[in-house]
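Taken in sequence, the protein lines are chains A and B. All residue numbers for the first sequence refer to the numbering used here, where the first residue is 1 and numbers rise by one. All residue numbers for the second sequence refer to the numbering used here, where the first residue is 387 and numbers rise by one.
Read the hints as simulated data drawn from the structure, not as lab findings. Do not rely on the hints blindly, as some may be mistaken.
As the list claims (entries may be wrong) - Below, in silico cross-link-like pairs of lysine to aspartate or glutamate (DMTMM-like), each with a Cα-Cα straight-line distance of 25 angstroms or less:
#1 K393(B) x D186(A)
#2 K131(A) x D255(A)
#3 K393(B) x E266(A)
#4 K160(A) x E703(B)
#5 K160(A) x D542(B)
#6 K393(B) x D120(A)
#7 K382(A) x D120(A)
#8 K382(A) x E703(B)
#9 K393(B) x E263(A)
#10 K393(B) x D194(A)
#11 K393(B) x E277(A)
#12 K131(A) x D396(B)
#13 K466(B) x E444(B)
#14 K160(A) x E540(B)
#15 K131(A) x E703(B)
#16 K497(B) x E794(B)
#17 K160(A) x D545(B)
#18 K466(B) x D454(B)
#19 K160(A) x D797(B)
#20 K466(B) x D534(B)
#21 K497(B) x E476(B)
#22 K497(B) x D451(B)
#23 K281(A) x D396(B)
#24 K382(A) x E636(B)
#25 K497(B) x D449(B)
#26 K466(B) x D518(B)
#27 K710(B) x D255(A)
#28 K382(A) x E640(B)
#29 K466(B) x D559(B)
Unchecked claim - Stretches of chain B that chain A covers, calculated by requiring three or more beta carbons in the stretch to come under 8 angstroms of a beta carbon on chain A:
#30 396-403
#31 469-476
#32 644-650
#33 692-705
#34 751-764
Stated by the list, open to error - Selected chain B positions facing chain A (Cβ under 8 angstroms, derived; list incomplete):
#35 I407
#36 V411
#37 A423
#38 Y572
#39 V657
#40 G724
Every value quoted in this text rests on a predicted model; they were computed, and no experiment measured them. Ideal Cβ placement from N, Cα and C applies to all residues, glycine included.
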Amino acid sequence: MAGTSIPTEAGLLRRHLMLSRSASRLQRLGALAARGALLLVTCSSVFAVIFIFLFIFRDALPFFGLRGFAEVFTDTAWYPSAEPASFGALAIFFGSGIVTLGAVVVAVPLGVAAAVCLSDVLPFSVRQFAKPVIEMLAAIPSVAYGFFALVVLAPLLQEKGGVVLSVGACLAGAPLGLLAVVVLSDLLTSRLPDPSRPVVRLVLMGGLCAAGFYGLTQLVQLLLRLPIHSGTNALNVSVILGIMALPTVVSVSEDALHAVGRELREASYALGATRAETLVKVVIPAARSGILAAVVLGVMRAVGETMVVWMASGNAAQIPRPWFNVLEPIRTLTATIAGEMGEADHVTGSARYHVLFALALCLLLICFVCNLLGEWAVRRSKARLR
Amino acid sequence: MRLSTRKLLDRSFSGLGVFAILLMVGALLVLLAPIAARGSRAFVFRATVEHRQFMLEESGRGDHDAIDAEIRAAAEVRRKAYDMIARFEEELEAAGRSERRELRRSLREVKDHLAGLLGPAPGNARPVLLRDQYGQTRWDRALVGLGDFLYVTEYDYSDPSGMGRPLLVPRVDGFRGTSLEPLFAYVEQNLERMLRPRLTFYWRFLFDEGRDAHFFGGIWPAVLGTLYLTIGTMLIAAPVGIASAVYLAEFAGEGWLISLIRTCIGTLAGVPSIVFGLFGLAFFINTLGVSDSKSVLAGCLTLAVLVLPTVIRASEEAILAVPKTYKEASLSLGAGQGSTVLRVILPAALPGILTSVIISMGRAAGETAPIIFTAAVSLGRPLSLRQTLSQPTPALPWNIYNLCTEHEAVDQIRHVQYGMVLTLVLLVLLLNLAAILLRARLARRLAG
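So that you can see chain B by itself, here it is in the shape it has in the complex (with noise of 0.2 angstroms):
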């Protein structure tokens, strides 16, 4: 090959090399895009009436009068389309019978539609669930709601081999003629003014529990779960972890059972995670007996087995960084071995070791299948610490699944699933931004 070619070969190499690299930093870009942009509209977004009504009624927060004189405006403005309904009722008691019956399948559509957009019509009885109680909260929400208000959605089944195509159809086309026509573009110009959207940080997303199934509220039952079960797991694994590294950094020598240990350690963060949660119900929940069913304990534990060996080998790397220096110095001093470890090496690895511990939290954090069948449920309040011995609990990566595979109105959620994912993948990357900040640290005092 000419040397001209090698080089522009050698070149290319380098730039399949650098191609790969940005390839992964695309992934993460694209992975974390969407999750940052769609999750913060759990927080920030364009708040209607209805929501304040809410938090005022249900929670008791915001300002009485300046809310009570929102709600009176936006009635005024709704008044004039339930006006146009009255009168389109009245006019349908009037028609033949035939058409009547048509057209009066369409008006309850219609008027279902509205009651979902602004809630329940002003005279009707208050209806049970909590979610048929108010309108659309969000802005973006309600855009959805008249969207699905102004057209009806028919398919075009033409092409038999495929699938329906989807056509909107306007839904003023089937009231061509009668009163209710004009109430479709009244409601369309004037539904910003019924709904009256503003802005808003709705901050306590992260401190509120969900109301009626995730329709209101925010996702402090989880978090806490969360924050519950990665503390938890922390305060078993990290001791035991920490004497067995200790152990097997410093006194350990080279012997069958320490192969054995290691090689243990080895499989231990083989086994996958799945796995690990049918051995918490076989082990902890079913022979054990730490609690009758699921309990945060139960996924504790369970947790800290699966995080037992990232903590070991981490906080055993950590000991052994420590410069050999120091336990020279000290054993010449004549301290003995053991007090060599507590108060020479151990100080002196701390920052390594408490890396190590963070780093586990966060894996403890994101786990999902290990809490499956050990601790998580999809609904439940918010635990005391005394409960959290007995009691299962919702978890951030459970209610993640949970909602948006299991839930009963995914789509309309979609706030709260991305919400949550944000609120999970913030604690976890926070956690790991601590532990590599805590890593540059510790570097520089070594090295200085």
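Just chain A, with the same shape it has in the complex (with noise of 0.2 angstroms):
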């Protein structure tokens, strides 16, 4: 073809528009194979999922081939390398739970307050300054996380841990107890003649407050009583996964609350709804399939954690008494795959070996049901809001 001529522009020209019927075929072609190629590169993704599920079944099966099922899930006692040996991981699914129970605890309120208010209560100025901060939290390292909880959290949590959790129940409790004492004292007064009202509802206030912080007190003097025996516990690692979760809970809730647009809110300032009301009573539920993505995702990143559970969740399996008492030690289904992992690779072939891949499974199946949840839901919200 052209590839003797000089290369000037003219002949460059000449090449491009030159359709003789051969040429352009064998573009097509070559166009086509390209196509092909890139076909192929872009299902590779589809390819590593279905290895994953297969290597993770093909070494999960033979354990429940020796042991069957029932064990794994209704036994508490996990003694993988002792004789004979019981395989009963009931504690750890436990743990896991909790953990992440506690995550979503710590994450969702928060996560969703602060959504709302980046999406419409702050300036674009200030969003500017909050975005980074979001994105730094989600940058680092999940093992700098569980650095801090082992080294610097958990000694705290063990030698100042009533002061620790006071702290955190004053900042969780005083402005929301502020707020519900401003609605309290307006519901009560509302029947009220006009002339006393202001005065009665000032009393009224002052009393609530009042009872408001002698309840605090208690709740502190409580506090300060509890028994720490060790700050490597459920609690500790469920602040640090809930810090974790929270930038996933917050850019999902924020993108669904976007979502909702302009007209609905206008529609109800309209009518006359302070900011505050249109949040909690249009933009909120109408971006609550959004936000439930939210959660679901956060759910996946609380699960699916290992370094922070592994370093300072204190690695025991069982089943604290009561169940709720998040200031005992607990250990979880990643955690046990990465500590165990090590002695168990060679013994490859044992039940100790394979147990391990049944509770990867167990967890690949729980964030493989979690995620089709969270892509139903922002589906939903998408097909809703159009």
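Two chains, two frames, a set of hints: combine them into the complex.
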């Protein structure tokens, strides 16, 4: 073709415009081949997922063949290296569950409140400042969080646990308490005749504030007396996992709130609603599928996290008594896999090796279901808002 | 409800949101402050003469004569302490048998603690372990050592329900009336002259190998391992991820295959990192056999699968952000779809794609769980490029875990742990900062 000619501008032009039948067919074939190659590369994600499931299944199934299904899910005795070994992982499932629950309790209220604030309340300039904070929280490696939990937070909890808990309780209780006092005093005085109302309301507010303060001091007294035997416990891990899940929750729910659009908000304002009323009664209900997706993704992040729980959860395979006692050490699925694979990988083929793959399979299935649920929620919220 | 209350509620609701954001900022500060404050002490600290001596003898750094003079000056002050011990030992020979046994045990403790502070006493044989051949190299550790030297910790079990309460008993109490009594006051007052601390900027902490289980030296093998893993991962993940993104953004229509691919990408993003580790072990090492056991290559492959969804999603977004007019202009000039993508869309999307690659690099650098079974070991020398194909390496995330949980003397090497955490966090945050700046520039360019 034009390969022999001097590549002047005119020569280049002629080559592109040459539309002989064979050349264009060649070109079309080449384009088709390139497209096929690209599709093949794109399919590598599919292969990766298939291979992950395949290989985890392949190494997990022998365990169920060797020991059956009942033991793992119902027994709490986890002694994989004892003679005879027992593989009761109920306490481990429970540990993963309680830690995840704790992380959700920390991350969801905080994350949704922050997302609402970012999308509707704050001016643009402040938002530009808050975004990098969230990105930094998301970027910090999990092992750094784990290091903080183990080296800074755990000794603090163990030595000054009561004080730390009290500060936490005050941080959570004071703003919520104030809000409750305002609402309550208003509701109680709304029936009174006009002239006496402000006075009664002020008195009532003062009284309720005092009561709330008294309640808080009682709570602090209680917390200060609480025995904390170990700083590496479920509470420590829950708080840290909650902070790690925050960026996910904030960004996904902020997207959901953005997607609600101006029309609904403006209609609500036109009816005379304040911003808080608009948000609580209109925007958040409209975005609830998206917020559900945020919660599900946060759960996924917390369930799958390894380093923090391995380092700072205490790694005791037990169900605390009572079950909601988060000041006891626990152990999770991820930490069990990470901690015991090192000892088990030279006994490849034994139940002790395969049980870890069985646990990984459970973990994988939990995350898979969560992921499908999250995608379904996102799709539903998009469909509803259209 | 009255209007004023509604307004008040409105304002307090906004306050709640601001409070949540402030709490988040506070959490970030609380997290980063100790890491930054104590991590920097791995680089900048008051180094004693033992540190300079170690540097001179082990790696030939420093001014030979000046350090020799310092060692001599320190030895001058130290000799008095050793003289006191020698005199006391003579005294002990003359004492009664039962008394002697008790005192001799205490004396051995005193000598051990002093050796921990100042290094082996002159005239003793050179100890086997490197950490015993030198005294405290850091002044902060020396002060802790001084506390152990001056006080014995005993436990008070008077409260049977709780744990024993630690009590500090001055060690000198055991030697009242003997010739050793003045030793403790002497060491306490002259420790600074014995160790001669001086503020040092030890930037080579990054580039030195760790010696004797990280008691001395730096963290270079782990830093290098992390760099290998991060760059190797991106060399694998970036081409695949960008090609996938191009296909999804430019060529793919709406079909069952495409929606399957998208679902798979979502699923892949949701797989827990520890499962990637198991998968890497079972697939890349045990089945494909890319290396006999753990290796950097196997770790890179595993991490590449992990970051693939991040690369694909962010790159696709970057490609979709290129204005449609670019594409239309190119097509209207007669360019084919292929050359439009290669010559128009990809160059325009390049900063966005780079952003996605950089963010994924940060993710790959910080992941620990996938490399536990595939690439990481706790101790090792820096690898050459060729060795990465077959050998495992130390890596920052794994070594942080290893040093703060499994090391024999966790408390004594806190500065190394903090230094490692600081290095890793800085590496990741700098990568993210670069991404943020790049994105800001991109936004300006697309806007203007």
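Double-check G724(B) for me: the hint is only fine if its C-beta lies closer than 8 angstroms to a C-beta in chain A. Hint on G724(B): holds, closest Cβ of chain A at ~5 angstroms, below 8 angstroms.
Given the hinted pair K382(A) and E636(B), is their Cα-Cα distance within 25 angstroms? holds (23 angstroms)
Please work out if K710(B) and D255(A) have their alpha carbons no farther apart than 25 angstroms. Satisfied, since the Cα-Cα distance of roughly 23 angstroms is no more than 25 angstroms.
Would the hint linking K466(B) and D454(B) be met if the CA-CA limit is 25 angstroms? The given pair, whose Cα atoms are some 19 angstroms apart, holds under the 25 angstroms limit.
Would the hint linking K382(A) and E640(B) be met if the CA-CA limit is 25 angstroms? holds (17 angstroms)
Taking 25 angstroms as the top limit, are the C-alpha atoms of K497(B) and E476(B) close enough? Holds - the C-alpha atoms of E476(B) and K497(B) are around 15 angstroms apart, at most 25 angstroms.
Could you grab the alpha-carbon distance between K382(A) and E703(B) and see if it respects the 25 angstroms cut-off? holds (18 angstroms)
With a cut-off of 25 angstroms on the C-alpha distance, tell me whether K393(B) and E266(A) pass. holds (18 angstroms)
Holds or violated: are the alpha carbons of K160(A) and E540(B) at most 25 angstroms from each other? holds (22 angstroms)
Could you grab the alpha-carbon distance between K393(B) and D186(A) and see if it respects the 25 angstroms cut-off? Given pair K393(B), D186(A) holds - Cα atoms ~12 angstroms apart, limit 25 angstroms.
Using C-beta distances, would you say chain A covers the stretch 396-403 of chain B, given that this needs three or more residues below 8 angstroms? The restraint on the stretch 396-403 of chain B holds, since 7 of its residues have a Cβ under 8 angstroms from chain A and three suffice.
Within a Cα-Cα threshold of 25 angstroms, do K393(B) and E277(A) meet the stated pairing? holds (10 angstroms)
When held up to the earlier numbered hints, the structure conflicts with 4, 13, 22, 25, 31, 37, 38 and fits the remainder.
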